[in-house]
Amino acid sequence: MAETHLEVYRRFEGTLHEHRLRAWPIWTTGLRTALKQRRALLLLYLPPVIATVIFSFVVYLGFMASEQLERESPFEGLGEGDIQERLASGVVMGVVSGGLKMLEVTRQIIEFNKAMGFFALLAVAWFGSGLFCEDRKAGAHQLYFARPITRLDYFLGKFGVAAFFGLCAMLVPPLVICLVASISSPEWAFLKEEWDVIPRAIALAFLWTTVVTLLVLLASSLAARRSFALIGVFGFFMLSGAMSQALGHLVSRRFFALSLGDDLNTLGSQILGRSDAGLPVSPGEAWVAVSVFVAFALVVIAARLRRLEVVA
Amino acid sequence: MSEPIIVLEGLEKRYGSIRALEGLSLALPPGPIGLLGPNGAGKSTLIKLLLGQLEPSGGKARIAGFDPTRRAERLALRRKVGYMPESDCLIPRMNGVELVTALGQLTGLTPSDAITRAHEVLDYVGLEEARYRGLDEYSTGMKQRLKLAQALVHDPELLLLDEPTNGLDPKGRKHMLELVHDLGHAQGKSILLCSHLLPDVERTCERIVVLDKGKIRSAGSIEELTRNEESWVHTEIDGDVAAFRAALGSAGLQFEPEGAWTQRVRLRAGDYDGLFELAARAGAALTELTSERSSLEEVFLDALEDGVEKDAAEKDAAETVAAKTNAEQR
Chain A
195 MAETHLEVYR RFEGTLHEHR LRAWPIWTTG LRTALKQRRA LLLLYLPPVI
245 ATVIFSFVVY LGFMASEQLE RESPFEGLGE GDIQERLASG VVMGVVSGGL
295 KMLEVTRQII EFNKAMGFFA LLAVAWFGSG LFCEDRKAGA HQLYFARPIT
345 RLDYFLGKFG VAAFFGLCAM LVPPLVICLV ASISSPEWAF LKEEWDVIPR
395 AIALAFLWTT VVTLLVLLAS SLAARRSFAL IGVFGFFMLS GAMSQALGHL
445 VSRRFFALSL GDDLNTLGSQ ILGRSDAGLP VSPGEAWVAV SVFVAFALVV
495 IAARLRRLEV VA
Chain B
38 MSEPIIVLEG LEKRYGSIRA LEGLSLALPP GPIGLLGPNG AGKSTLIKLL
88 LGQLEPSGGK ARIAGFDPTR RAERLALRRK VGYMPESDCL IPRMNGVELV
138 TALGQLTGLT PSDAITRAHE VLDYVGLEEA RYRGLDEYST GMKQRLKLAQ
188 ALVHDPELLL LDEPTNGLDP KGRKHMLELV HDLGHAQGKS ILLCSHLLPD
238 VERTCERIVV LDKGKIRSAG SIEELTRNEE SWVHTEIDGD VAAFRAALGS
288 AGLQFEPEGA WTQRVRLRAG DYDGLFELAA RAGAALTELT SERSSLEEVF
338 LDALEDGVEK DAAEKDAAET VAAKTNAEQR
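Here the protein sequences line up with chains A and B, keeping their order. Under the working numbering, residues 195 to 506 are what the first sequence spells out, in order. Under the working numbering, residues 38 to 367 are what the second sequence spells out, in order.
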């Protein structure tokens with residue numbers, strides 16, 4: 195027994211289990227530590243929360259107004275009451291109803307979903323950019339890889355942490371709004387007629403989050419510091435956008451596909467079933483570009499993680 | 038003799054043209070073993086090879102019966118091994134309990150077992166309320182103890198401790214060595230203690246492996262290696278100095294007078310009783326006896342010197358052969 199304190203060593207009498215999901219403890223630990231950054235959470239998620247609340251209210255109000263307009267015509271009983279008052283009420287209802295019809299709830303949800311992509315990028319970049327480089331800098335990889343985990347487990351655990359924050363921004367708001375639309379639409383009309391918006395929104399959230407998370411983890415695996423990884427992520431978006439614009443206009447339209455942001459926008463439009471002729475990249479080119487990027491990111495991350503675990 | 042816990046067969050590691058380890062062959066039995074060597078000898082490289090964190094350039098290693106180069110075996114061996122790295126390697130934004138619990142879960146403990154074990158090992162290493170503090174507030178001593186705790190959380194058979202007393206103050210060092218001694222002797226753990234500090238190894242280990250420039254210079258139990266080892270001791274006597282020195286000479290002991298009452302005497306390890314008797318017979322009394330170097334230090338330095346001489350001889354031989362070959366070719 196050590197002499198300087200009274201504690202004795204106690205043997206572990208239980209058994210060590212072989213986890214099937216070995217990434218799970220890495221994910222839960224990563225989330226727990228990330229959730230300690232309360233100020234960052236507040237700053238990053240307050241705008242999407244406010245936007246979701248306001249937009250939910252707009253959708254709700256739109257459906258209510260539309261329903262009321264159907265129930266009660268503003269010109270019904272003309273001459274029996276105050277004509278001017280009825281006329282004014284009718285104009286308001288007409289504007290709301292007309293506005294709703296013009297913009298369409300579905301299209302608004304689609305636009306809202308795409309707008310959330312920016313917040314998802316911010317969140318993933320903030321919480322994901324340090325995942326590999328901070329471990330490497332602190333030497334924590336030596337602790338991880340002294341445990342019975344593979345590089346894939348480590349990657350999946352870290353990927354899960356960053357993707358969680360992306361999905362919180364990208365998936366939860368559209369689902370909340372779809373829920374509000376479903377509840378407030380007359381006789382669940384939204385769910386019956388526009389149900390496909392929900393799986394489309396989910397698919398887009400997963401695609402966007404996966405690609406953005408891979409970009410952030412790629413930067414984190416290459417950078418020496420978290421701040422460098424953050425600069426790398428936003429620099430990549432800006433540079434690839436600028437290059438694609440320059441080369442797209444000067445050389446060939448195909449170079450527009452170099453912009454990951456444009457590619458994701460095109461794929462978003464396709465997934466959400468909205469054809470947008472104004473987008474510079476065709477869906478085919480966008481799929482190819484995103485697939486190439488994903489493959490590249492996975493190869494580089496795999497090589498960098500191999501260096502973390504085993505040095506040849 | 039029990040089954041060896043570590044077996045090396047011609048293990049090599051090269052970084053480009055630099056040979057970090059050169060054909061190490063060795064079988065180490067369970068128990069506390071000191072891996073001694075100067076900085077850059079290849080100690081940490083060997084530990085990382087044993088854990089599968091480095092790939093060997095040649096040869097084989099087996100640790101606790103597993104081959105660390107095979108993925109499945111590497112995962113199995115990591116359940117049986119606890120590793121305390123040399124550098125500060127703590128997961129950012131965690132506190133002590135969270136870190137040890139998380140690493141326990143990663144090794145296969147259930148969440149409830151992991152938290153219980155975390156508290157037990159943190160108690161054992163003496164991290165009291167500090168376990169709830171953020172790791173960035175930890176002192177070097179706390180970090181070292183935390184690293185030992187995380188290595189112990191799954192109660193491994195074998196501990197790989199890389200310079201556990203690095204950066205510790207005397208009190209912290211004493212505490213750490215007590216813990217290591219307790220683990221190796223009272224708890225029956227096999228330990229590979231990697232250090233360049235001889236007293237640390239001498240105090241905690243039963244066997245040593247001396248590594249220098251990537252080669253094993255000496256290996257065996259400390260008792261065996263130091264049994265016939267001679268070292269210089271400083272002596273001070275009270276009484277007939279001339280008779281004492283004459284007695285030393287007639288006993289065949291090498292000595293060098295230093296002062297009126299003091300002299301250096303070359304003695305075999307542990308042969309102090311004979312010196313006391315000799316002094317008594319010469320009508321003197323030993324009032325002071327201090328060892329200039331420990332016996333282990335002698336073993337260590339001899340091993341390094343022999344290694345240098347051997348390397349030089351090998352180099353000369355190689356050069357001679359090369360020159361001869363060139364001459365023949367001409």
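Please keep in mind that the hints were generated in silico from the structure rather than gathered at the bench. Just so you know, not all the hints are guaranteed correct.
As the list claims (entries may be wrong) - Stretch-level coverage of chain B by chain A, calculated; a stretch enters the list once three of its residues show a Cβ under 8 angstroms from a Cβ in chain A: (1) 89–100; (2) 138–149; (3) 219–226; (4) 294–300.
Said to hold, decoys possible - Computed cross-link-like contacts, DSS-like style, restricted to lysine-lysine with a CA-CA straight-line distance of at most 30 angstroms: (5) B:Lys117 - A:Lys331; (6) B:Lys250 - A:Lys331; (7) A:Lys331 - B:Lys352; (8) B:Lys180 - A:Lys230; (9) B:Lys97 - B:Lys361.
Claimed, not checked - Some but not every residue of chain B turned toward chain A, in silico, with C-beta under 10 angstroms: (10) Ile55; (11) Arg115; (12) Lys184; (13) Arg240; (14) Glu351; (15) Lys352.
Each residue gets a CB set at the ideal place from its N, CA and C atoms; glycine is no exception.
Sort out whether A:Lys331 lies within 30 angstroms of B:Lys250, counting only the CA atoms. holds (28 angstroms)
Taking beta carbons only, do three or more residues of the region 89–100 of chain B come closer than 8 angstroms to chain A? holds (count 4)
A closest beta-carbon separation below 10 angstroms is what the hint needs, so does B:Lys352 meet it against chain A? violated (28 angstroms)
Outcome, coverage hint (the region 294–300 of chain B, chain A; C-beta under 8 angstroms; three residues): Violated, because only 0 residues of the region 294–300 of chain B bring their Cβ atoms closer than 8 angstroms to Cβ atoms of chain A.
Minimum Cβ distance from B:Arg240 to chain A below 10 angstroms? Since chain A brings no Cβ nearer than about 13 angstroms to B:Arg240, farther than 10 angstroms, the hint is violated.
Quick one, is the B:Arg115 hint okay against chain A at 10 angstroms, beta carbons? holds (4 angstroms)
Residue hint B:Ile55, partner chain A, criterion CB-CB below 10 angstroms: Nearest chain A Cβ about 13 angstroms off; hint violated.
Is B:Lys97 within 30 angstroms of B:Lys361, Cα to Cα? violated (34 angstroms)
Coverage of the region 138–149 of chain B by chain A (three or more Cβ within 8 angstroms): holds (count 8)
Pairwise hint evaluation, A:Lys331 against B:Lys117, where the allowed Cα distance is 30 angstroms at most: holds (27 angstroms)
B:Glu351 as chain A interface residue, shortest Cβ-Cβ below 10 angstroms: violated (28 angstroms)
Is the interface hint satisfied for B:Lys184? The criterion is a beta-carbon contact with chain A at less than 10 angstroms. At 8 angstroms from the nearest chain A Cβ, B:Lys184 passes the 10 angstroms test, so the hint holds.
The structure fails to meet hints 4, 7, 9, 10, 13, 14, 15 from the earlier list, while all remaining hints are met.
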